[in-house]
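**Student:** Next come the chains, spelled out residue by residue.
There are 4 protein chains.
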Amino acid sequence: MVASLVIAGEFGMTLGQREADGKGPGMEPKLMPKLGAAEIAEFLDQVFPQLRGQMVIEEVGPMRARLRMPIDASHLRPGGTVSGPAMFTLADCAFYVATLAMIGREALAVTTSLGINFLRKPVPCDLIGEARILKLGKRLSVGDVMLYSEGDDRPVAHAALTFSIPPWNLG
Amino acid sequence: MVASLVIAGEFGMTLGQREADGKGPGMEPKLMPKLGAAEIAEFLDQVFPQLRGQMVIEEVGPMRARLRMPIDASHLRPGGTVSGPAMFTLADCAFYVATLAMIGREALAVTTSLGINFLRKPVPCDLIGEARILKLGKRLSVGDVMLYSEGDDRPVAHAALTFSIPPWNLG
Amino acid sequence: MVASLVIAGEFGMTLGQREADGKGPGMEPKLMPKLGAAEIAEFLDQVFPQLRGQMVIEEVGPMRARLRMPIDASHLRPGGTVSGPAMFTLADCAFYVATLAMIGREALAVTTSLGINFLRKPVPCDLIGEARILKLGKRLSVGDVMLYSEGDDRPVAHAALTFSIPPWNLG
Amino acid sequence: MVASLVIAGEFGMTLGQREADGKGPGMEPKLMPKLGAAEIAEFLDQVFPQLRGQMVIEEVGPMRARLRMPIDASHLRPGGTVSGPAMFTLADCAFYVATLAMIGREALAVTTSLGINFLRKPVPCDLIGEARILKLGKRLSVGDVMLYSEGDDRPVAHAALTFSIPPWNLG
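Residue numbers (the numbering used here), protein chains in the order written: chain A, 397 to 567; chain B, 397 to 567; chain C, 397 to 567; chain D, 397 to 567.
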C-alpha cells in the first residue's frame, strides 16, 4: 500500500540529489559511475554476445547513459519505420547500461517492468536512447528512457523501467 | 536487462500453479492464505485508521481478494461518476489485502508501481475490486486488479501493481 | 482528468458484457469476431512479411486470441531463457490479432502504449500469448496479454496494452 | 501493432520541437499556451468545485505546468508521509492543466491511463508536480509528471499519463 512507502536500506541516490553521505548542503553528491562506457561495452560483449554490434554506448554519466542503435533493414517495418521490438531493446539496454555503470560489473540487474508510450513514427535513421535513473535503491533501480531519431529532438517513444538488483550483488 | 531474468530466492508462487513444494503433478498447491478477511480488516483498522469504513473486504482466497467500496457523495464527480483517486485507492487496497493474506500480518508490503487503464465511466454505485497475485516472490508481489461497478460485469478500470516486500519481514 | 471520464461514441463492447444492442438480460452479446484465424494470418503475411513464420494464431474468439511463438535459438539468451524483445513481440502481436478480429481487415490499429511485468524466467520452449480485450471503443482498444511457457500454467509475463484505431477505419 | 505506428492527423507538437508550421530551422515553434494559470484556475473551480483549494497552479508554459498541493493532516498517513491517492490526484491534475493550457478551455481531456512509480517517501510538506507533454496529438496527449516534496529536488514519484481528447472539441 502506498500509504506506508518506506523501502529499507536504500542507497538514497536519486536524480537531482544535492547532498549525500552526510555532507552538508551544497556539497557535491557522490554519484560517480563505477564503470565507463568502454568497460561496460566489453562486459556486455561477454555476457550478451547476441547483442554485439547492435548498439553503441555513446556516453555514461552519473545516473544516466546514452546509447545509439544503428538502424538497418532488419529493424525496419513497412513504411520505413523502426520496429517496436527494436525500440524496446534499445530502451531496455540503455537503462541497463545506466544502472550497471552505477552498481558495478558484478551486478545482475534484471528487468521487472517496462512501460513504453509510443509517441510518433521514427524515421529510418539511427535511434538514440537517453536513460536516466530516478531512484537507485539497494533492491530496485527505477527510471526512464527517452528515444529519439537522430537529428530530431522530438521524442519517438518514452519508456519507464524498473530493474531488480538481486541481493547477492550487494555483499 | 530482460535477457537474464532470474530473481533470486523467489517463493515460486504464481497464479495457476499446479505443483508446489516438489510434489508431483496433480498435487494441490500450498497457496492457502495465512490470514482471513476478518483478521485483515482488524489489522487495517489499526494500521490505517484513516481508511476505516471506506472499504469492505468481501472475500480472501489463494492469491486473490475482493473488496467493495461503498460509494457516497464524497467519491462522486460531476455527472455522477466515481473519482479517479477513489478508483486508485480501491485498486491499491485490494492488492494490498491479497498480498497481506499470503505473506502474513507482520509484513509491510509497499506499492512501488501502479498502472491503471480507465475503461469506462463507473456508475454511481458501489465499486468492486478483484485483485489477483500473478507472482509472489520473496521481494516482490506482482498482479492486477479489475474494477467493476456493482451489478455490471463490464470492467470500469484495470490496474497492474507491483509491491515491494521489505526483507525484514522474511526472517 | 479522470474526474470526467466519458469517451465519445464508444462501441460499448467490453469483456464480460452480457447485454448488447438494447436486448434484454440473458441475450447473447453481439461480440462475434469479423475475421477468423486463417483470414488474419493471411492478412498479416501480406502486411508484415517480416513476421512470417514467427508466430502461429492458434485461436480467435470474441474479444480474445491465443498465439504461439515457436522458440528457437534466435530467441534465446544465456541460460536458455527467452529474450525480452521476443516476449514484447508476442504480446504486441497477440493483442493486434484480437483487435483486428473484432474491427476487421481494413483497420489499422497501432500500439500507443505497452506495459509489461516480467514474472518469471521462461523455459526454452514455445511461448503462448493469451490476449483479451477489456474495452473496445471507436478510437481505442484496451486490454492485456498473459504469456506462458507451453505446458506450464504459471504466467511468465503480463502485459497491458492500448491500441489506437485511426478514424479512417470507421467510415 | 507498433510496426505501423502512424497516428492520423496529429498536431505534430512534441516536446523539444524546434520547427513548426513549415517554417525553417531556427524558427520558434508555435507552442504557446492558449490559456494562462489564472484562466485555468477559474475554469477548474467551475468544473471541478470539489477540488477547490486543493491545488495551486504555480506556472503554465509551453507543453508544461507546475502545480503545488498544500499538504495538511488529511493527506498524511502514519509516519507523516503523503498518501498515494494524494500523489495520484496531483499527477492527474498537473497533466490536465498542462494539456488544457494547450488545447483550450472548451476541451474535455479525459485520463485513459496513468502509470506511477513511487520512488521515495515524501516528507510532510507541500508536494510539487511538474508536468510536461511529450506528444500532443489531435486525439491523445501523452507525457509525464515528476513529483517532489518542496525544497528537495529528489523526485518522490514519477507518473506517465495518456489523456484522450474527444473529437467534439476539435471542431
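One or more of the hints may lead you astray.
Note that the list lumps identical chains together, so a pair holds whenever it fits in one copy or between two copies.
Stated by the list, open to error - With a straight-line Cα cutoff of 30 Å, these simulated DSS-like cross-link-like pairs (lysine-lysine) come out: (1) Lys534 x Lys517; (2) Lys534 x Lys430; (3) Lys517 x Lys430.
Keep in mind the hints are simulated off the structure, nothing from the lab.
**Student:** Please go over all the hints and tell whether each is borne out by the structure.
**Tutor:** Results of checking the hints against the structure:
In this assembly of identical chains, the alpha carbons of lysine 534 and lysine 517 lie at most 30 Å apart only when taken from different copies (15 Å versus 37 Å within one copy). For a Cα distance limit of 30 Å, the shortest separation of lysine 534 from lysine 430 qualifies both inside one copy, at 15 Å, and across copies, at 28 Å. When the C-alpha separation of lysine 517 and lysine 430 is checked against a cutoff of 30 Å, the pair qualifies only between copies, where the shortest distance is 27 Å, while the shortest distance within a copy is 36 Å.
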